[in-house]
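Student: Listed below, chain by chain, are the residues.
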Amino acid sequence: MSVELILFFVFAAIAVAGALLLIILREPIHSALALILVMISLATLYLLLGAEFIAAIQVIVYAGAIMVLFVFVIMLLNAGEEERTNLSRLARYVGLPLGILLTLQLAYWIGQSLAGHAAAPLAGTTRGLATMLLRGYVLPFELTSILILIAILGAMVLAKKEF
Amino acid sequence: MVPVSYYVVLSAILFGLGVVAFVFKRNIITIFMAIELMLNAVNLAFVAFSRMLGQLDGQVFVLFVIVVAAAEAAVGLAIVIQIVRNRQTLNVERVDLLKF
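Quick note, the sequences are listed as chains A and B, same order.
For the first sequence, our numbering begins at 1 and goes up steadily by one.
For the second sequence, our numbering begins at 164 and goes up steadily by one.
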């Protein structure tokens, strides 16, 4: 086994374990930390895929900014342990098998249909990404700034005291 | 060299776990985190396909997905704060005004 394959399996296992912990743990703050674990391990997988810029953005924006927002809101609302309520029977007896079935089916069929595809070599992805972003995709790129502006305004209006 | 299908299978597993978390968690903030998990799984599939095809379009899409996720988290958490202010609960089962 090559080093790359070993690294892949280690970080894939960490990511899946983090996702399972997100489901199992009952305190929202613990779930948030598990999700950060998933995001960091995904960032290393992006590095293995040769996407250095995406890996950096994943750590800075996702694990940094978005999750800090989540943790901030959890602290602000003083969110304690999740209430242990009776799940609706529909969720327990239909939802869980269907969820597991969806996971296995997706994994199986995607794995089947892609088996044997080799990865094309990518070189200098950050430079290429910048060129694409500011040439071919310049309109969507600029529109995201408007989207962010609207989101900031929306969040401020929604979180205002007298709504 | 890791086959691309491994990455996509991992992405499918993470997406499925995100769906399960979305269905089973009762806390509204944790449900938001499940959505973020699903978005992350989709991002991994985008980057893996971008690598497989040798084109960078997938990585550009990942940037846009991250931007939309940030906007969604900001607005969504503001809505959560408003819900807690009005109902004093984080349990989605107690937010049932429109429930039949």
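If you are wondering where the hints come from, they were derived from the structure by calculation, not from laboratory data.
One or more of the hints may lead you astray.
[As the list claims (entries may be wrong)] Just the calculated beta-carbon pair ranges, DEER-fashion: (1) A/Gln105 - B/Asp220: 44 to 54 Å; (2) B/Asp259 - A/Val3: 47 to 57 Å; (3) A/Leu20 - B/Val258: 18 to 28 Å; (4) A/Leu7 - B/Gln245: 35 to 45 Å; (5) A/Leu20 - B/Arg250: 41 to 51 Å; (6) A/Gly64 - B/Asn249: 48 to 58 Å; (7) B/Lys262 - A/Leu134: 46 to 56 Å; (8) A/Val94 - B/Gly217: 24 to 34 Å; (9) A/Val3 - B/Gly217: 30 to 40 Å.
All C-beta atoms, glycine included, are put in the ideal place defined by N, C-alpha and C.
Student: All hints are to be evaluated individually against the structure, with a verdict given for each.
Tutor: Hint by hint, here is what the structure shows:
1. A/Gln105 - B/Asp220: 44 to 54 Å: 27 Å, violated
2. B/Asp259 - A/Val3: 47 to 57 Å: Because 52 Å falls inside the window, the suggested range holds.
3. A/Leu20 - B/Val258: 18 to 28 Å: 27 Å, holds
4. A/Leu7 - B/Gln245: 35 to 45 Å: 43 Å Cβ-Cβ, so the 35 to 45 Å window holds.
5. A/Leu20 - B/Arg250: 41 to 51 Å: 30 Å, violated
6. A/Gly64 - B/Asn249: 48 to 58 Å: This hint is violated: roughly 31 Å between Cβ atoms.
7. B/Lys262 - A/Leu134: 46 to 56 Å: With a Cβ separation near 47 Å, B/Lys262 and A/Leu134 satisfy 46 to 56 Å, so the hint holds.
8. A/Val94 - B/Gly217: 24 to 34 Å: 42 Å, violated
9. A/Val3 - B/Gly217: 30 to 40 Å: 23 Å, violated
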